[in-house]
Amino acid sequence: MARIDLRTLAHSYRPNPAGRADYALKPMDMTWRDGGAYALLGPSGCGKTTLLNIISGLLVPSQGQVLFDDEDVTAVIPEDRNIAQVFQFPVIYDTMTVRQNLEFPLRNRRVPEPEIAARVAEIAEALHMTEDLPRKARGLTADAKQKISLGRGLVRQDTAAILFDEPLTVIDPHLKWQLRSQLKALHRRYDFTMIYVTHDQTEALTFADSVVVMHDGEVVQVGTPEELFERPAHTFVGYFIGSPGMNVLPCTVDGRTARVGASEIALARAYAPRNGKVELGVRPEFVRVAPAGAGAESGGVPVRVTGVEDVGRYRIARLRLEGHPMAAILPDDARIDGDTAAVSFDPAHVNVYVDDHRVEGEA
Amino acid sequence: MLTLDAVSSVVDGETHIADVSMTLEHGTLNILLGPTLSGKTSLMRLMAGLDAPTDGRLLFDGHDVTGVPVRQRNVAMVYQQFINYPTLSVYENIASPLRVARLPKPEIDRKVRDAAGLLRLEGMLDRTPLELSGGQQQRTALARALVKQADLVLLDEPLANLDYKLREELRAELPRIFAASGAILVYATTEPEEALLLGGNTATLHQGRVTQMGPTLEVYRRPVNLITARTFSDPPLNILPVAKHGPTVSADDGTVVPLGERIAGLPDGRFTLGFRPHELSLRPSDAATGVLSTPGRVAVTEITGSESFVHVEALGQRWVALDHGIHEVSPGQTVTVHLDTRRCMVFDADERLAAEPIVAAAA
Amino acid sequence: MQTRPVNQKAWFLVLPVVVLVAFSAIIPLMTVVNYSVQDTFGNNQFFWVGLEWFDDIIHSERFHDAFLRQILFSALILAIQVPLGIVVALCMPKSRFWTAVVLVLMALPLLIPWNVVGTIWQIFGRVDIGLLGKTLFSLGIDYNYTQDPIDAWVTVVVMDVWHWTSLVALLCYAGLQSIPDAYYQAARIDGASRWAVFRHIQLPKMKRVLLIAVLLRFMDSFMIYTEPFVVTGGGPGNSTTFLSIDLVKMAIGQFDLGKAAAMSIIYFLTILLLSWVFYTVMTSSDASDRKPRG
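Chains as they are written, first to last, in UniProt numbering: chain A, 1 to 363; chain B, 1 to 363; chain C, 1 to 294.
Just chain A, same shape as in the assembly (with noise of 0.2 Å):
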């Protein structure tokens, strides 16, 4: 396994980009560190695909390098990286068994018989596949064969990262859970750089120790999920991450407080007065909502409630707060009587974003 760099990468798929929006990657700077478990998370459209096609060297970047190892890799072909890669819709070859699947990648390299018989025992035996060895690949379900495309990057013992394309799209939602967790054990058990990208939030999250959320070409945060959850650094981050997404807020900022129209809200840290787009972003999960009038010596804002919708495990109440929209999410239990009500945030847990870009107060 390795260490991957990006350097001053990017990439436009015109031959001669003239501005900044020519680029579909615009200019990075990254590292994947060696046994990392890394996720790109980002809409259709945002670079992810083109930024794992360039680590794969299925793309050849317009500028800029790809490290493995400190090793220049940027001219490398696919096949000489030593990259592993597991795709949307299943890949396996069709004619051969499940054993020779497993068999193929080392069979093309050479690989002594008595080494190829051990590695594909053990991977096997790792993926819970030991019995389904004779059979033909074709007739299995559709994760036993994403596992088999896992399988033959995992056979190699020269592998430097294994990389996801949205590899359970295809798979029903109660096997995603057995196979997520089965990546996360084989994960821990062999240590493999893995890079998962996704447009899925939830399998993003649960599933990498960071996460690199991209958004119009750009990487806008890389993060633990707790620090993309909490301080989002960027309003799309907000926005994208978290169901429903942060509520975005115009605001003024003086001191510790800030004012959306006429009700004023407590933050935890001073920021001065700015220019620009000032935004205020709380996470649904971070409104408290109580009876109307009741929150007035707490700090409760107003707020009209146009709808409340139970999702069994929790409920989401749909707010207008000065007339901006915003959700809250309530305890299954909870009950809103009437269409208004008053709501408080929790002043840890409200960050303030001057042009989208979350700027900190002091202490």
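There could be a bad hint or two in this list.
Covered, in the sense of this in silico footprint (three residues per stretch, anywhere, with C-beta under 8 Å from a C-beta of chain C), are these stretches of chain A [what the hints assert, rightly or not]:
1. 78-85
2. 96-107
DSBU-like mimics (lysine-lysine), calculated; alpha carbons at most 30 Å apart, straight line [what the hints assert, rightly or not]:
3. A:K277 with B:K111
4. B:K165 with A:K184
5. C:K207 with C:K94
6. B:K111 with B:K165
7. C:K94 with C:K205
8. A:K277 with A:K26
9. C:K205 with A:K136
10. B:K111 with A:K26
11. C:K9 with A:K136
Just so you know, the hints here were simulated from the structure itself, not pulled from any lab data.
Idealized CB from N, CA, C, for every residue including glycine.
Dock chains B and C against chain A, hints included.
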């Protein structure tokens, strides 16, 4: 009103749909929930008249429409794949069912623009589908289904190929858009979470049979049998087989499960407890009685930023506990998990619901 | 138990096809069957002769020779056109423009009427005026398809390869186009050789179109008539007299209707049998996959 009366479908000796009876009212949203190959698409094809049932009858507003082909019935269907006429503009795509119906031009124009407005496609009417994003392509397909003013609108996993956030957006809009049309809306999905967010009625499918149908939350909270509970749980339902002797209920290793008065009326014998991950916690419960606390070995933890999924092995079972906040527990570690047994569903030896969970919201 | 409701109306939809097939196939076939068991001396007088004609044909050396020639011809055609078609399909250019150009060029021979194909090659190969014949002659190669049986065979086979290989290539190309990119990417990452990619990805994915190609080319080549008839007329001697040419000689040249009818039936059954064999062999691995899973 669409009524299915003991409908079955057998193709090449394989049962696709077995003895399904249900009634769908105008203006309702009906969800078919089940894993891949559980019969959702087969059932929709029967409802549409694309296939004729082997057995049973279909009644539309009291008229027998069994075997009446789809063209003679006013049905609209939207699929998981984005299906549009690739060479026609978005405008012509939406207008196509109206042109077939030979509506006057001004009326077509009005309806197309109304539908485009509802689905936020106003600016794209002159483009062809291939120039649109996936979400916009699916909006086009939905707009076409909408203008048709069909009596029956069938949506077969319409959001499955969309990005997570787009899915969230369209999912919120869909019921509202079709509510005004008075159509019977049928929506197939594999994801329990999606059913809960959509609301309406849910029919759970398993191997071609409808295991339960009713208001979505009702089915979620009071599944009539174990298979319905399993189908309607994501992450998967946790299970604990127990035996009842007089007033004591115990697991196979002798651990007493404090189910209290709820099971007093039940006969002695084997039962299965079913509980969803959010009923199982790593935090001690504040409930005074009815809590089962048992040691478990951590297999995997998954952290979403606001919540943690902890996979534990306890009492010989593999469970998932879902807790608020971040729980950094490492695999192999022993923890104590707490189960509020009031929230457990109790199933008898025939896997039928024997005792309902006590739902907080009902209190 | 209720029985499955049967919609009788469906039969009306099938009726036109039944009528059409009856007139175009079943009735002529029955006439041929009728002829095959009768003899006639003209004047519309027919005698019942039972299976005598079949007996005659099966023991006739002339039929044996024509039959063997036919088998050899079809075997050669399949052995050349199928691999060649696959190779051509694999070598198709990547750029859209050139793909279109090549596709049009390849479709050209398929659009030419069969007798014209024959005439083209008949002239093309002539030693006195044909481009091919003259070129070979001037290179010192003793080529003359009207006198040398081997030359005649080569001409007929090359002509058929020229005429029909594009069909196989087009079918294979369509099959190749349906393989998702991920398969090639995965194979590159697995370090698969060009041959392994072909053997384990392209060939299995092309299997269905190859089945169609093999069946079409087999049936067509087994029934070939027009082109060799125009080029060689079945000669020199009987060296390119294939079954259909022999059949026509017998029926029209000698007016041996009974014998020709018996031969037609044997011919027909042979094609049916061999096509079935091809089909069964090529789909056998599919069937074993479909067995219920353990």
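Taking only the CA atoms, is the gap from K165 of chain B to K184 of chain A under or equal to 30 Å?
25 Å, holds
Just to be careful, I want the Cα atoms of K111 of chain B and K165 of chain B compared with a cutoff of 30 Å; is the pair within it?
Distance ~28 Å between K111 of chain B and K165 of chain B Cα, so the pair holds.
Outcome, coverage of the stretch 96-107 of chain A by chain C - at least 3 residues whose beta-carbon is closer than 8 Å to one in that chain
n = 3 at 8 Å, threshold three: holds.
Take the stretch 78-85 of chain A, compare each residue's beta carbon with every beta carbon of chain C, and decide whether three or more fall closer than 8 Å.
Since 5 is at least three, the answer is holds.
K277 of chain A and K111 of chain B were given as a pair; does the straight-line alpha-carbon distance stay at or below 30 Å?
39 Å, violated
For K277 of chain A and K26 of chain A, compute the direct alpha-carbon distance and say whether it is at most 30 Å.
Roughly 24 Å between the alpha carbons, so the hint for K277 of chain A and K26 of chain A holds.
Would the pair K9 of chain C and K136 of chain A pass a check requiring their Cα atoms to be no farther apart than 30 Å?
It is violated: about 44 Å lies between the C-alpha atoms, which goes past 30 Å.
Hint check: K207 of chain C vs K94 of chain C, CA-CA at most 30 Å. Holds or violated?
22 Å, holds
Proposed proximity, K26 of chain A with K111 of chain B (alpha carbon, max 30 Å):
The given pair, whose Cα atoms are some 42 Å apart, is violated under the 30 Å limit.
What's the verdict on K205 of chain C and K136 of chain A, does the C-alpha distance respect the 30 Å limit or exceed it?
16 Å, holds
Between the alpha carbons of K94 of chain C and K205 of chain C, is the straight-line distance 30 Å or under?
19 Å, holds
When held up to the earlier numbered hints, the structure conflicts with 3, 10 and 11 and fits the remainder.
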